[in-house]
Amino acid sequence: MFLVSLALTFATGGDGFEKSVLPFVAEHCVRCHGGAHPQGDLVLEAFRTEAAARADPATWLAVRAKLAAGEMPPEERPRPPRAELDLVLAWIDDTFGRLAAAPKGGRVGLRRLTRTEYENSVRDLFGIEYRATDEFPADDVGRGFDRIADVLSTSDIGVEKYLRAAERIAAQAVVIEDPAHPPRRHTDAPALVGVTNGHLREGGLLLYSNGDADAVVSLPRDGEYVVRANAWGEPAGPEPPRMALRVDRREVAHFEVRVLADAPKVYEKRTRIAAGEHRVAASFLNDYYKADDPDPANRDRNLGVVWIEVVGPVDDPTLSSFQAQELDAAARRPAREIVERLAARAWRRPADAQDVDRLLALSTAGASAAERVRAAIAGILISPRFLYLLETDPAHPGPDERHVDDWALAARLAAFLWSSVPDERLAGLAAQGKLHDRAALAAETQRMLDDGRATAFAWDFAAQWLQLPRLDHAAPDPAHFPVFDEPLRAAMRAETELCFESVLRENRPALELLASDTTFVNERLARLYGIPGVRGDTMRRVHVEPGVRGGVLGQASILTLTSNPTRTSPAKRGKWILENLLADPPPPPPPGVGVLDDSREAVTAASLRDRLARHRTDAACAACHARIDPLGLALENLDAVGSWRTEDSGFTIDASGSLPDGRSFRGLVELRDVLAKDPRPFLRCLGEKLATYALSRELSDADQKELEGLFAAYGARPPTLRELVVAITTTDAFRRRAGGGA
Amino acid sequence: MRPISRRTVLRGVGAGLALPWLELPKLPRAAPLRMLFVYTPNGVNLAEWTPRAEGAAFELTPTLAPLAPVRSEILVVSGLTLDGARPHGDGGGDHARASAAFLTGAHAAKTDGAGLRAGISVDQAAAAAIGNRTRFRSLEVGCEGGQQAGSCDSGYACAYQSNLSWRTPETPAAKEVDPRLVFERLFGEADNAGFGETKAERARRRKSLLDFAREDAASLRAVLGADDRRKLDEYLHGIREIERRLERAESDVAAPAAAGLALPAAIPRDYRAHADLLADLIAGAFQADLTRVATFSLGDEGSNRSYRSIGIAEGHHELSHHGSDTAKLAKVAAIDRLHVEILARLLQKLAAMREGETSVLDASMVVFGSGIGDGNRHNHDDLPVVVAGRGGGSIAPGRHVRVPRDTPLCNLYLALLDRMGVELPTFGDATGRLQGLAS
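Read top to bottom, the protein sequences are chains A and B.
So the first sequence is numbered by my numbering: it starts at 337 and just counts up by one.
So the second sequence is numbered by my numbering: it starts at 62 and just counts up by one.
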């Protein structure tokens, strides 16, 4: 592995097994895992040669997991010295690959679109917004990203949502309305639902006490509708019966109903309603009953409802950009041509004549061009060719790795950089077969990064890499952190997104993500940071003196999402740094270990640093926490919402620390400088994350090797973020598809 | 208030009021059985949960106290084990394994990518067998939408924690979180597409659309490798499931009534309100016989939610590692109690839904539990489990039973599946059928 772990440098030689593993196993393992009655049916005694061991990766990976987790040797046995243990782990890693669940590698499976990609594709194809993120089930995350082909499954309910979306988008993309005859949704009294305090009688539904009668309607689009009720009253008491018209409990109008049952009247109101299903209610508001009124006709006030109607939409539709361009009356393009072009774009490769025939067969031949296109759009969107990134193996496969065809390459690029479908230009290059050329690919990547759509990449990648969705669920305790609220949460997130985007767009060194002299704040965030002179909600770039701000470690978003609700968590912060900045995640804690005592007594008795130090005296914890805690403790001057402090629970904060390799630092600034001084682990980590995101799969050993070569090429000058992205799109990993067979 | 009107009401809408003299003679066919699984994450404070006494004389412990109104309808089962959730050499990851194993009994494959695999879950086994009798084979809802970034538990893919139900060993059945979407799906008018067409036109158009999708997938399938085919089969299953439902809808007399439920607005910010809405929708779906199988996750396993509404600022997961600290244990118990309150309210609702002489709860088998016993120890034995409902007379509740050590949770499932009329030779890691449910 290229990655030089920040904490542990593994020294391995060719004879690692004989020198390191055999003696270790003999001393620590075979006592139980050998002999006539081996524990857990595991016979480690049997592996006497390296060749024998190499033949059984499953066993050795299981051994690695046990050793790394500190579960073995068992507690009652002597602990092996850390250095010896590391050598064994290193040998296993070198022999079987670092990733315990070693992938077959290099081959991306059929991948379905993520919700984000679905939304963006619909936006780019039709110019309309469909909130797939709210409607579809969540995309499961693997390897830190929501776009890993192997973990994205399709559930029945997901397909149901696809059907619903396909129809709704089609209806919105091609609006077919006759302004002279807006649709009328009529519900007679017997069909009214949700009736409280009412009963049917001749002439309608009688509401005898305050209550509702609902008509359930499904509306095609956001727009203006006329809500109408045909009603009459039975007056009594000092005022006439009053009725409200409501849409989903929102009152849109109310009326005095002065007509009687023999002459009902229509009461109506024009109002704006969103697309989808709604309950439109007529409500009786002012029940009155006086049993002893001398006049029998003046005892009981009631409201009668004959029917409810919703008419519309009655306003002019906003035409989608697709409809405006493609179905422009003047152009009079035939439906077939429109469908063919659209299918090719949505499916990311040309549709053949037969496909187009089948799409056109979704409507009757006599239908208008608009109706034919609308029906075909539903077909295009429900097709697996849209919903899945489809890469078929070429007809004449080479030995084991092949180039993907230009169409697949265009689709990969668009998914990587725009989370969307290719545009016309990209599709044109694919059609001409010009895309697989490295220079062309690099040029296209540059062009796509300049495009506004690249914001999708900047924000989506940055958010997932840095785990920003966790910020959405962070819940700092208001008692401890009254400053925290929703606007501040939004500003925190925006800072991180904007910083990433500016480094990308301005072609700045990738290292500026870690250490920079600018950042983005608005008034709220500036106040949290103690930056004077920033007014208003708008995020803007500010210069920061070399200090804690500038770079991800000083961003309130990161500091908050790695904290507990009531306090910071140096361990979480340390783990976050190891995972996301150094690609060196610590192994999970062994089961049954103690956790930090957080009781009031413990908190007031000793500083967090001291309590963590005590935690580390536990041998089971020490090895990992020795490299986790110092990283997190360096950030202790920043509290659980990222605000500067010098004390915690009455203890002066000591943010000094050193790494197992001896490098020491005091506080965030020095830690950052240590990380920036040898930028390779950080850059390598970023490269791995970018590649995982770009390829939508786990990285294989071959991918890792290629990345290694890529970094070697930069030599002393650290690359810009853009250069890294371009480099990744021109790797073999991005341009090729590993052999099938599996 | 008004005698006249009152009488009119009784005459007018009496049929809907289930008055005894209007009721039909008892049908020879018993009410359909329902199955519901409710999950509470991170284990519980067992000291406050487990009753000391066994049998009918069991006491309602502080955590179970909210169940007092339905005490006679619950069977507290102590001592069940979820062996699949144990490490078996895979190291850390108890939360992921507990969630993956809870309804499957399976030992999840440790992967954060390729080779995702748990097992078919008990609800999905039932759905596969009897789901075709209802409009929806099964219903999956939950209060949390899964983690959307970072690593989940110790090298396990997040899918293990965000899903309880698995339709196949490799394919989770995703849950819905938004009550509005659940309502629209269950009770919405068969979903107007906005095409301004008649019902018959829509049915025709949709049929050809689904035919198109199926044929398209079939033609792609031919050129794909085995792994990719499996993915496409997931899609095809979904398409066929919609087709089945549409065919059914044609023969359905009327659209299902929403049983007094209102169309919910957005997801409530208040946890309890959110959970109660989802519970109401499950109850409504059972009552209208839209489905007979449901799962309800009160929180994803490992959830670190802070339950502010009951005064708890710390995260649930964080607290569950209580280290025997009294204050933390009390907070864990308070969260447990909140979850039990949600269950109690749901059970009362089901009990109030009459079907002839019995209630929906009588015809239900509700399993409430966690895949972890004590959150601090991450143990997977001595699980907190409550079975509620009478299973159509096949379960005798109102008791606390303690099963022998290491009795698999799947033994309970196998016994419940039998009652559902889903007879499987075995299920998960079951060693037999749990005895003693009936008496």
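In short, the hints are calculated from the structure, not lab data.
Please note that a few of the clues may not be correct.
Said to hold, decoys possible - Here are some of the chain B residues that sit facing chain A, going by a computed Cβ distance under 10 angstroms:
1) 151
2) 206
3) 244
4) 255
5) 270
6) 365
7) 464
8) 465
9) 485
10) 494
Stated by the list, open to error - Non-contacting residues of chain B with respect to chain A, defined by C-beta distances greater than 12 angstroms in every case (computed):
11) 175
12) 188
13) 333
Since the model is a prediction, treat every value here as computed from it, not as a measurement.
Positions of the beta carbon are idealized from the N, C-alpha and C atoms, including for glycine.
Structure-based check of each hint:
1. 151: holds (6 angstroms)
2. 206: holds (5 angstroms)
3. 244: Hint holds; residue 244(B) Cβ to chain A Cβ min 9 angstroms, cut 10 angstroms.
4. 255: holds (3 angstroms)
5. 270: holds (6 angstroms)
6. 365: Given a least distance of 8 angstroms, the restraint on residue 365(B) holds.
7. 464: violated (24 angstroms)
8. 465: violated (24 angstroms)
9. 485: violated (21 angstroms)
10. 494: violated (29 angstroms)
11. 175: Since the minimum Cβ distance to chain A is about 4 angstroms, residue 175(B) lies within 12 angstroms and the statement is violated.
12. 188: It is violated; residue 188(B) is separated from chain A by about 10 angstroms at its closest Cβ, not greater than 12 angstroms.
13. 333: holds (16 angstroms)
Going down the numbered hints, you'll see the structure goes against 7, 8, 9, 10, 11, 12, while the others check out.
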